[in-house]
Amino acid sequence: MDLFFAGHGPWLFWLIGLCAIWSFVPPIEAFACTKVWLYGAGAIVIVWSAFIDFRFFRFAMERSPARAARDLLLQRLISWTIIIAIFGGPAIPPEIAARLVGFGL
Amino acid sequence: MTALRWTAAGLLLASIAVGTIGDASRVRPHLMLGGCRVVAADFHVHSFPLSWATLAPWDTAWEAQRQGLDAIAIVGHNHVWVSKVGRWLSRMTGGPLVLTGEEIVSAHYHLLAIGIDSTIDWRQSATSAIEQVHRQGGVAIAAHPLAQYWTAYDAQARHTLDGAEVLHPIAHASEDLAAQLRTFYSSAPLTAIGDSDYHGLGPIGLCRTYVFTKEETEQGILDALRHGRTVVYDRAGNAYGDAALIRLAAGNLLRATPAAGLLSMFSRLAGILGLIAVALQGSAWRCPTGLR
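Keeping their order, the protein sequence lines are chains X and G.
Position one of the first sequence corresponds to residue 1 (this note's numbering), numbered consecutively onward.
Position one of the second sequence corresponds to residue 1 (this note's numbering), numbered consecutively onward.
It is possible that part of the hints are untrue.
[As the list claims (entries may be wrong)] If you only want the chain G side, here are some residues facing chain X, beta carbon under 10 Å, derived:
# : residue
1 : S51
2 : P169
3 : I170
4 : H172
Keep in mind the hints are simulated off the structure, nothing from the lab.
Beta carbons are placed, not taken as given, at the ideal position from N, Cα and C, and that holds for glycine.
Assemble the whole structure, with the sequences as input and the hints as a guide.
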């Protein structure tokens, strides 16, 4: 169980970074820093936590590399879908539509 | 318990204690000008869940009060039920005035519908959505109307729109974006609105609207918005809104956000260090390499 939650470590650091920005940077400047942190550090954290979780499935659950990768994708699909639905909710379809409009589709 | 755990616990407890002792709400002066009560309001506040926001409705209302706001509109993305929960809880706990509302998020425009009770469908034109807002007795405000949204507001939509956000945190990101907001606001006779578009980061009311209302009720505020009785200040001190009210309010409303005090800074520092100590202890960051 401890090993499974090891994958949360990178996210914890990411959230602490966000807390630090909003604790010490004046609000008007903090928006710019937040954008960099959300997307820049967020991309690193997504890869880092995926690596940890892959290692969890590979070694703690003793899966083959292919099976570990499949389990990782399944876990991400289930948990992230729920999180996005709870946070984004009814604005997701128009936001997707807006992006399609932006791409001229 | 390891030394790191004791350190983490000590820092977090110190942060909570010092933060609680040193915390002070912004003053909400009972200001009367020209026979009107001046209400500090933020009409673009999101709350958990379903709106990309982190604070629960009750926390949102209390935080608004802490930031010296008299009124807020909680606007769900394409729904109103969270704002109803927020209004009910704020009434129960003596919080600020909470107006119900919705941010109608469509692919082509974002529109604030303030003072409505039923969800308005986003799959329609801005003109049609504004008409539905008015049919429910609400007020329609163009949310962050940047150039990309301008084509959605045709002549009829701009004629029926009640207000537009002339100030929004994106205006602080670049002068070009700030100019786009001002250009839209100037394109029609619209009520000046300053909103923070609060999602959980930064203070509620970072950008705020001063509403000159005959009575401090939901109807009183909606009536003032319909008749353009607002004043908004940007960070440089430029005022937008009714010219007579701007003259009346000169020197009375514009106040800089108070800087964080020493206790607050200590509380923040101790909290961040405490969280880092929590993150470092145990196996929270170690990569599994095999069964233990």
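Original post:
Which hints, by number, does the structure contradict?
Top reply: none
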